[in-house]
Amino acid sequence: MLFYSFFKSLVGKDVVVELKNDLSICGTLHSVDQYLNFKLVDITVMDGHKFPYMLSVKNCFIRGSVVRYVQLSVDDIDVTLLQDATRKEASK
Amino acid sequence: MSQYLPGTASLLEDLDKKLMVLLRDGRTLIGYLRSIDQFANLVLHQAIERIHVGNKYGDIPIGIFVIRGENVVLCGEIDSEKEERVDLKRVDIDEILAEQKVELEAKREKEKLRLKAMQNYGLFFNADVLYLNKVKFKQIL
Amino acid sequence: MLPLTLLRTAQNHPMVSGSHSSDASLNSALISKLVELKNGETFNGHLVSCDNWMNIHLREVICTSRDGDKFVRINECYIRGSTIKYLRIPDEVIDLVKEEHNRKESKRPQVKERKFNKAMPNKFSAPKKKKM
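Residue numbers (the working numbering), protein chains in the order written: chain A, 291 to 382; chain B, 17 to 157; chain C, 45 to 176.
Please note that the accuracy of each hint is not assured.
As the list claims (entries may be wrong) - Here are some of the chain A residues that sit facing chain B, going by a computed Cβ distance under 8 Å: (1) Leu309; (2) Asn311; (3) Ser321; (4) Asn327; (5) Lys329; (6) Pro342; (7) Tyr343; (8) Met344; (9) Ser346; (10) Val347; (11) Cys350; (12) Phe351; (13) Ile352; (14) Val356.
To be verified - Quick partial rundown of chain B residues pointing at chain C, CB under 7 Å, derived from the structure: (15) Phe81; (16) Asn87; (17) Ser96.
These are calculated hints, taken from the structure and not from any lab test. Owing to the predicted nature of the structure, the values given are computational and were not obtained by experimental measurement. Glycine is no exception: its CB is placed at the ideal position from the N, C-alpha and C atoms.
Please build the complete structure, drawing on both the sequences and the hints.
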């Protein structure tokens with residue numbers, strides 16, 4: 291549940307989600323659930339011409355199981371808080 | 017509601033909207049999302065399969081689709097405003113199918129070459145190839 | 045109405061047969077029931093029954109290979125739900141669902157009877173298969 295809470299704290303921030311099919315989607319994190327499915331709003335796709343079907347999409351739901359990376363901005367993360375939370379989770 | 021359907025809470029907001037669903041095999045389906053469950057199995061109504069080749073696309077009508085959740089990569093809400101701005105050319109089914117065939121053929125050819133090159137380096141990906149090579153190896157011995 | 049409920053409604057529904065190919069350009073009304081597996085094979089036939097795991101039982105099946113070049117006729121087959129990619133069902137089923145829903149709504153208090161129907165749907169309804 292740690293990462294679920296972590297991503298919940300990032301709602302509203304801009305993220306880049308890279309999928310296992312090499313599709314990279316940049317957008318604002320709208321919501322996340324415990325499977326780490328994401329919902330992004332106002333998306334743009336990197337290398338858009340390779341993925342023409344994404345051109346008419348503005349908001350999207352991404353299944354957690356197909357995500358490879360989530361890229362975040364450094365400023366969005368409180369590292370010490372994350373470390374503390376990790377320790378707390380580990381000592382449970 | 018999210019209490020009953022953990023995991024798909026955010027898809028519930030998209031019910032009855034026109035969605036583009038991308039499958040793991042690369043296919044794209046477009047239709048109205050009518051139902052979901054806790055596995056994110058989807059029901060698409062008045063669905064079409066949209067085939068893109070280059071900057072052309074073709075639509076194949078398919079009625080109702082029940083998609084098993086595991087095979088979904090993403091569901092995108094179609095934005096009508098954005099849709100209008102897209103400069104893709106719509107062609108009829110036969111044409112797009114023919115174009116797709118050509119593309120597929122080219123891809124296969126490329127894959128074959130890649131596999132061959134890999135084999136020269138002694139790398140085998142395909143289980144069948146591996147097996148064949150084992151057989152060959154035994155024959156040599 | 046959950047996706048699996050829709051499937052359950054589709055079972056035993058006498059569907060129009062006659063389409064013996066997965067040719068996607070065919071009118072969807074002609075297609076009885078099409079299941080595509082994760083490996084790309086498609087199975088075209090009548091849905092006899094299905095369960096909560098999406099395991100399905102089909103009759104009079106045409107199995108089409110991944111590339112659409114080989115066709116095999118199978119009288120009866122059972123497919124494990126976890127191997128399924130998607131199912132295509134005819135448009136009429138949605139109307140059927142509405143009907144069923146209305147019927148159930150009007151019959152609300154008779155819970156027992158509904159349970160009975162749910163518990164043993166297949167044995168009794170399978171032979172009812174109609175040819176059209």
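Here is what the structure says about each hint:
Given the 8 Å rule on beta carbons, the hint for Leu309/A holds: about 6 Å separates it from the nearest Cβ of chain B. Hint status for Asn311/A relative to chain B: holds, with the closest Cβ pair at about 6 Å, below 8 Å. Interface hint at Ser321/A: satisfied, since its Cβ lies 4 Å from the closest Cβ of chain B, which is below the 8 Å cut-off. Annotation: interface hint on Asn327/A holds; nearest CB of chain B at approximately 6 Å, less than 8 Å.
Annotation: Lys329/A was flagged as interfacial toward chain B, and the flag holds, the nearest CB pair being 4 Å apart, inside 8 Å. A least Cβ separation of about 5 Å between Pro342/A and chain B falls short of the 8 Å threshold, and the interface hint therefore holds. Interface restraint check for Tyr343/A: the shortest CB-CB distance to chain B comes to about 4 Å, inside 8 Å, so the restraint holds. Interface hint at Met344/A: satisfied, since its Cβ lies 7 Å from the closest Cβ of chain B, which is below the 8 Å cut-off.
Annotation: Ser346/A was flagged as interfacial toward chain B, and the flag holds, the nearest CB pair being 4 Å apart, inside 8 Å. The interface hint given for Val347/A holds, since its Cβ lies 3 Å from the closest Cβ of chain B, which is under the 8 Å cut-off. Of the supplied interface hints, the one on Cys350/A holds, with its beta-carbon coming within about 4 Å of a beta-carbon of chain B, less than 8 Å. Because the smallest distance between the Cβ of Phe351/A and any Cβ of chain B comes to about 4 Å, under 8 Å, the interface hint for this residue holds.
A cut of 8 Å between beta carbons decides the hint on Ile352/A: the least distance to chain B is about 5 Å, and the hint holds. Satisfaction of the interface hint for Val356/A is found here, the shortest Cβ-Cβ separation to chain B being roughly 5 Å, below the 8 Å cut-off. The beta carbon of Phe81/B comes within 6 Å of a beta carbon in chain C, closer than 7 Å, and the hint placing it at the interface holds. Of the supplied interface hints, the one on Asn87/B holds, with its beta-carbon coming within about 5 Å of a beta-carbon of chain C, less than 7 Å.
Because the beta carbon of Ser96/B sits about 24 Å from the nearest beta carbon in chain C, more than 7 Å, this interface hint is broken.
Of the numbered hints listed earlier, the single one contradicted by the structure is hint 17.
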